[in-house]
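Number of protein chains: 2
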Amino acid sequence: LIEPQLGENIGTAARAMLNCGLIDLRLVRPRDGWPNRKARAAAAGADSVIDQARLFSTTAEAIADLTHIFATTARHRDMVKPVITPHEAAVRLRTGDARGEACGLIFGRERTGLTNDDSVRAEALITVPLNPRYSSLNLAQAVLLIGYEWYIAADETANETLPLGDGRLATSGEFQEFFDHLDRELETADFYKVDAMRPAMRRNLRNIFQRAGLTDQEVRTLRGVVARLSSKRGGSGR
Amino acid sequence: LIEPQLGENIGTAARAMLNCGLIDLRLVRPRDGWPNRKARAAAAGADSVIDQARLFSTTAEAIADLTHIFATTARHRDMVKPVITPHEAAVRLRTGDARGEACGLIFGRERTGLTNDDSVRAEALITVPLNPRYSSLNLAQAVLLIGYEWYIAADETANETLPLGDGRLATSGEFQEFFDHLDRELETADFYKVDAMRPAMRRNLRNIFQRAGLTDQEVRTLRGVVARLSSKRGGSGR
Numbered sequence: 001l002i003e004p005q006l007g008e009n010i011g012t013a014a015r016a017m018l019n020c021g022l023i024d025l026r027l028v029r030p031r032d033g034w035p036n037r038k039a040r041a042a043a044a045g046a047d048s049v050i051d052q053a054r055l056f057s058t059t060a061e062a063i064a065d066l067t068h069i070f071a072t073t074a075r076h077r078d079m080v081k082p083v084i085t086p087h088e089a090a091v092r093l094r095t096g097d098a099r100g101e102a103c104g105l106i107f108g109r110e111r112t113g114l115t116n117d118d119s120v121r122a123e124a125l126i127t128v129p130l131n132p133r134y135s136s137l138n139l140a141q142a143v144l145l146i147g148y149e150w151y152i153a154a155d156e157t158a159n160e161t162l163p164l165g166d167g168r169l170a171t172s173g174e175f176q177e178f179f180d181h182l183d184r185e186l187e188t189a190d191f192y193k194v195d196a197m198r199p200a201m202r203r204n205l206r207n208i209f210q211r212a213g214l215t216d217q218e219v220r221t222l223r224g225v226v227a228r229l230s231s232k233r234g235g236s237g238r
Numbered sequence: 001l002i003e004p005q006l007g008e009n010i011g012t013a014a015r016a017m018l019n020c021g022l023i024d025l026r027l028v029r030p031r032d033g034w035p036n037r038k039a040r041a042a043a044a045g046a047d048s049v050i051d052q053a054r055l056f057s058t059t060a061e062a063i064a065d066l067t068h069i070f071a072t073t074a075r076h077r078d079m080v081k082p083v084i085t086p087h088e089a090a091v092r093l094r095t096g097d098a099r100g101e102a103c104g105l106i107f108g109r110e111r112t113g114l115t116n117d118d119s120v121r122a123e124a125l126i127t128v129p130l131n132p133r134y135s136s137l138n139l140a141q142a143v144l145l146i147g148y149e150w151y152i153a154a155d156e157t158a159n160e161t162l163p164l165g166d167g168r169l170a171t172s173g174e175f176q177e178f179f180d181h182l183d184r185e186l187e188t189a190d191f192y193k194v195d196a197m198r199p200a201m202r203r204n205l206r207n208i209f210q211r212a213g214l215t216d217q218e219v220r221t222l223r224g225v226v227a228r229l230s231s232k233r234g235g236s237g238r
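These protein sequences, in sequence, are chains P and A.
Our numbering puts the first sequence at residues 1 to 238.
Our numbering puts the second sequence at residues 1 to 238.
Just chain P, same shape as in the assembly (with noise of 0.2 Å):
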């Protein structure tokens, strides 16, 4: 963080961070001095971030040690210089990580943003595609889709989970028992009036809880569940 000034904002920038699980935070000339009562208080869960932040008086300093330097703004400047999205930068920070070439990420002053001598130190400028008719971030927030961005370019969770607790899916033959138990049960009770139609409803009925993808719970429950309507009507009750 480049001279940031609130101490609130770089305690909620270090949150973000951890959320994102980064913790090398680094900063140049923070307005109010290092260390500051303020951030502290508003990392509230992330004081590691704040107990291992480093200070810096210039920039150059800051970021001697490092391979790729992405810096992030909102603004285009007048600078010839690569501009990418938060996913290519994700991309190519994790690239880095992997050759061990040392990343880091740069973030100006609240609302100023970085001067052109820190952007111009950076290989690429990172832009948040966002509404361009209302695209303000407070810092917290650009860190928080950066490292966003960074997180998940590694994660690896399904796009989809059913998670189940301590119960599993039914077996197939649960499954089958069910949903003969409530065909017996629609058969009783005269469902399919139509010979001809009984297959082609048959297959619609059991499409609706297959989709379902139902747990050995769930089958015990809607076995509960015919056998009871069943009985009210004096049904089979097998």
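Accuracy of the hints is not assured; some may be wrong.
[Stated by the list, open to error] Pulled a few chain P residues facing chain A out of the computed Cβ check, cut under 8 Å: (1) N19; (2) C20; (3) G21; (4) E61; (5) I69; (6) L130; (7) N131; (8) S135; (9) L137; (10) Q141; (11) L144; (12) T157; (13) N159; (14) T161; (15) L162; (16) G165.
[Said to hold, decoys possible] Distance ranges between label pairs, derived from CB positions: (17) P/D24 to A/D117: 41 to 51 Å; (18) A/S57 to P/E177: 41 to 51 Å; (19) A/D78 to P/T58: 52 to 62 Å; (20) P/R133 to A/R198: 51 to 61 Å; (21) A/D166 to P/T161: 30 to 40 Å; (22) P/R31 to A/D166: 28 to 38 Å; (23) A/F191 to P/W34: 45 to 55 Å.
No wet-lab data here; the hints were simulated from the structure.
Glycine residues also receive a C-beta, built at the ideal position from the N, C-alpha and C atoms.
Add chain A to chain P, keeping to what the hints say.
Chain A only, in chain P's frame:
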């Protein structure tokens, strides 16, 4: 937003929405009533979202016209329901939207999140993959991350662009003239000491400048540099 407590959080959530081009804010039983002065103050610039916000007394009424509902939650509940990533949610929201099926996201109250009675209304739960040891997000940050995924799902910004302002990239001919100029001066300065190495050295040098992707202005600047350096040494001056 279901039962949001602080007006400030409604305001910052409205800003995060507008950042992502989202404007249809629905409020269910906000603790401090509606309208709310603090919400407006915190919305700075996103007043349009606050102005259009609608108030509902139940979650059911707030979502009655929607076809797809996704609920955001950091916690896995004792509920068998698919859990999806923000990216997957964004794809499904865009897909629903393209089919003319209205879609909505529900967010619970600060700290306690959604109740099970509200979560159950959703077709899937969204969990943001973040550092499992520190994943707490405030309301506006959660809105921003999920809104951001929604926004970029339709964004066609190239991963890398080179902004040229009023300038343009140099033509191949302009580049060649510069390189020939440099080459002549290097010959004059006896840079290519060993004849056998000349082709490789020339290729290496050319690659450096070629990789930079020079603009016409930069080519002129570099020609000036070469001319200036050569004149000090009494070069060919061409």
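Hint check:
1. N19: Because about 5 Å separates P/N19 from the closest Cβ in chain A, which is inside the 8 Å limit, the hint holds.
2. C20: holds, 6 Å
3. G21: holds, 4 Å
4. E61: violated, 27 Å
5. I69: violated, 16 Å
6. L130: holds, 5 Å
7. N131: holds, 4 Å
8. S135: holds, 6 Å
9. L137: holds, 7 Å
10. Q141: holds, 6 Å
11. L144: Holds. Min distance 6 Å.
12. T157: holds, 5 Å
13. N159: OK, holds: P/N159 within 8 Å of chain A, min 4 Å.
14. T161: holds, 5 Å
15. L162: holds, 5 Å
16. G165: holds, 6 Å
17. P/D24 to A/D117: 41 to 51 Å: holds, 43 Å
18. A/S57 to P/E177: 41 to 51 Å: holds, 44 Å
19. A/D78 to P/T58: 52 to 62 Å: Hint holds: Cβ distance 54 Å, inside 52 to 62 Å.
20. P/R133 to A/R198: 51 to 61 Å: Given a distance of about 56 Å, which is inside 51 to 61 Å, the answer is holds.
21. A/D166 to P/T161: 30 to 40 Å: violated, 50 Å
22. P/R31 to A/D166: 28 to 38 Å: Hint holds: Cβ distance 35 Å, inside 28 to 38 Å.
23. A/F191 to P/W34: 45 to 55 Å: At 49 Å between Cβs, range holds.
Of the hints listed earlier, those the structure fails to meet are numbers 4, 5 and 21, in rising order.
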